[in-house]
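Peer 1: Sequence:
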Amino acid sequence: RKMTLKKNKTWDGDGVLSLAAGSMLLQDLSGKALRKSSSTSEKVPEVDSELNLGGMTVQIESVISKQDFLAGKPFLRKTVLTTASVVRAIVTAAHEGVESSDAKLSRKAQNALDKLDKLQAKSTTFAEAPPSTRSKFKTPLLSNTVLPKVGPNEAPQPRHDPNAEGALVMKRPTSVPRGKRIVDVVVDPILTKHLRQHQREGVAFLYECVMGMRGALSEGAILADEMGLGKTLQTIALLWTLLKQNPIYEDPPIAKKALIVCPATLIKNWRKEFWKWLGKERLGVFALNTEKGGGSLTDFTKGKAYQIMIIGYERLRTICEDEQLGQAVDIVIMDEGHRLKTETNLCAKAIRSLNTEKRVVLTGTPMQNDLSEYFAMIDLINPGLLGKKPAFQREFEKPILKSQQPDASESDIQKGTGRAKELKVLTDQFILRRTADVIAQFLPQKTEYVLFCKPDGAQAEKYREMVSSNECLMSLENNQASLQLINTLRQLCNSAGPSNVGPSAKLLVLDALLKGIRKTAPNDKVVIVSNYTSTLDMIGRQLSNYGFLRLDGTVAESKRQPIVDEFNKVSVERCFVFLLSARAGGVGLNLIGANRLIMFDADWNPSTDLQAMARIHRDGQERPCYIYRLLLMGGIDEKIFQRQAAKLGLSDSVVDNKTNASSFSRDELRDLFSFDESGVCMTHELLECSCGGLGVPPTSPLSKSATSSEESSTSASSRDGSTESGATESSDDDLPDIGTFITVDKLDVDEQERWIRSHKAKKH
1 RKMTLKKNKT WDGDGVLSLA AGSMLLQDLS GKALRKSSST SEKVPEVDSE LNLGGMTVQI
61 ESVISKQDFL AGKPFLRKTV LTTASVVRAI VTAAHEGVES SDAKLSRKAQ NALDKLDKLQ
121 AKSTTFAEAP PSTRSKFKTP LLSNTVLPKV GPNEAPQPRH DPNAEGALVM KRPTSVPRGK
181 RIVDVVVDPI LTKHLRQHQR EGVAFLYECV MGMRGALSEG AILADEMGLG KTLQTIALLW
241 TLLKQNPIYE DPPIAKKALI VCPATLIKNW RKEFWKWLGK ERLGVFALNT EKGGGSLTDF
301 TKGKAYQIMI IGYERLRTIC EDEQLGQAVD IVIMDEGHRL KTETNLCAKA IRSLNTEKRV
361 VLTGTPMQND LSEYFAMIDL INPGLLGKKP AFQREFEKPI LKSQQPDASE SDIQKGTGRA
421 KELKVLTDQF ILRRTADVIA QFLPQKTEYV LFCKPDGAQA EKYREMVSSN ECLMSLENNQ
481 ASLQLINTLR QLCNSAGPSN VGPSAKLLVL DALLKGIRKT APNDKVVIVS NYTSTLDMIG
541 RQLSNYGFLR LDGTVAESKR QPIVDEFNKV SVERCFVFLL SARAGGVGLN LIGANRLIMF
601 DADWNPSTDL QAMARIHRDG QERPCYIYRL LLMGGIDEKI FQRQAAKLGL SDSVVDNKTN
661 ASSFSRDELR DLFSFDESGV CMTHELLECS CGGLGVPPTS PLSKSATSSE ESSTSASSRD
721 GSTESGATES SDDDLPDIGT FITVDKLDVD EQERWIRSHK AKKH
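Quick note on numbering: the sequence shown equals residues 1 to 764 in my numbering.
If you're looking for bench data, these hints aren't it; they were derived computationally from the structure.
Computed from a predicted structure; not experimentally measured.
Each residue gets a CB set at the ideal place from its N, CA and C atoms; glycine is no exception.
One or more hints might be untrue.
Now the in silico label distances, taken between C-beta atoms and shown as ranges [unchecked claim]:
{"id": "1", "residue 1": "Ser175", "residue 2": "Glu154", "range": "20 to 30 Å"}
{"id": "2", "residue 1": "Lys256", "residue 2": "Arg352", "range": "31 to 41 Å"}
{"id": "3", "residue 1": "Ser38", "residue 2": "Asp12", "range": "19 to 29 Å"}
Could you put the whole structure together from the sequences, leaning on the hints where they help?
Peer 2: Right, dumping it as structure tokens:
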């Protein structure tokens, strides 16, 4: 408070006083600096003592440790304080390491703890373990599915047998309202029998989060498993459990209605998954879309036939102001939630307007490279946990970023590291992340090829003209022009222009790949992915001899899932290729009917490419998978791939599938707008590999047999398909080692894959 002569003095608020290097700094709980003064005393002020600082009177209420201050705990307003014992544990931990022997709780803090003890004793009764029963479990369900009541001396019967083999029993609450009893919540065996171990752990984790059992004073969670780990099934198991059970005996189910928000392309896929695992009779699933005859919102909010509503993000924005929806929903699931990464996002605002704190985000690409987006995601799930955004930026984002700079001081590094660790501790309470390694034993082998296509003729000339033009030089000073030029160069990597100038290098390689696959693996299907519909048009014209289907942004929502189902079911003779837009169908779709995928162009954001690749290599796939990435050698394609490999694809410049030219320096833009025609693979050079382009160490015996292969990357120069002099029929002995670059006319995909499998088998 400010210094005053009043008899009855009041305090303005709480703050944090830090002492370091002969100075004292007073901050409020938002992190804002209030006063700063020099200090010659090295002694820690005693509890209950008062001191004057820059015209303000400060009373010391308690002392915190240096570790807690560096972690930023005083600035996190939303702290877990559920019982008096927890409060004491936190306060005691705060005193550890304090040199002053007089450190103690103030009278004000002690009184608060005593009151909290009394409040806890009155409001709750701790649960006791249920008495064991010797009799065999008997299902309590009657014909009307209502749980029968039991006497006060009998143990409440759960809905499913908790002692059955493989039963998945949820964590019991530590306390219940007075006069109530606890009953076990057991996941329905009809779902449990299909869950793998990591999925069982995921369901239990989500349940504890939405029930407020994991420490945070909220009921949100983020399931950030990598693609293909079964996030959908885990979510269905969670919702089915919440809609049917409650750990408080004789209370209604935890949730009556649930809302699932997802990209429009996945609406029917979600409904199909519910029907797949639970059938059509157990649960009413309402898919709200823009089509005529699709039903109205009142069918879900007022009717009793539907317990689940699935809606697209865009449609949610148009109905979020409906009060009936806000009052009807008990839990909301946000699929592909990485698109909700800004506070101003209209979909995020719509979700905040819903009258529920039970919020679950599903994403295979969690936001951990941009702290502002990270804050927006956390604040949506657990509002207020990280405080206000300005305080978060001042006390967490800036110190963490500053500590990562090359010229950061030791104190900056110490402070930034402490803040980063505290963020991780806080978010680990409600974020679960597993990689594909947990199901590696259940998935078939995946092999990824990176094919560098060497341009020649019209394509090389066109690219050369573009990067040496006046427009290119002018774009170095204009952000908007830079964006346009980057986009133009990316498309030029795919095609040289009009069809009369001849096919591009990538098209020639694609044609050779498809012919090779049809010849050596006639039962395999192929998915071709591109970021541009114009590129898909160009590829479609080249597929006149093959049956194919296509899914892009122009396909109506109602037709997307049927197209996917048709591709997965029909024979390879009827449909050999599936053309897929990375934007419209790169997430959530199951294309396990194919086991080969060709990435025709690269995206700035590596997660976009990873999402697309996961369409075929996922749970349910039974055949080995092969990924082919086509890159134009020396062009912007290869530079994008290099940035991905260096983990720069998720920087500010490429987040949310957008490129911000202002994030590139002039030197970076100059490098992007260059064209390397040296014939040497730049990516291989950057890796500083000593194989000389042969794919094996120079001292290896295999290098002798590989010297006949060209050092350069895949070339598109042999347009007539003829082989070079000296080329003979491929054999296992002639095949170069993994990583060797050979020309496309020498490539025998089947022989290459057979050799790789045998090579790996020998190692094991």
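Peer 1: For each hint, tell me whether it holds in the structure or not.
Peer 2: Do the hints match the structure? See the list:
In this structure the hint that serine 175 and glutamate 154 lie 20 to 30 Å apart at CB holds, the actual value being about 22 Å. Separated by about 21 Å at the C-beta atoms, lysine 256 and arginine 352 break the suggested range of 31 to 41 Å. Here the CB-CB span from serine 38 to aspartate 12 is close to 23 Å, well matched to the stated 19 to 29 Å.
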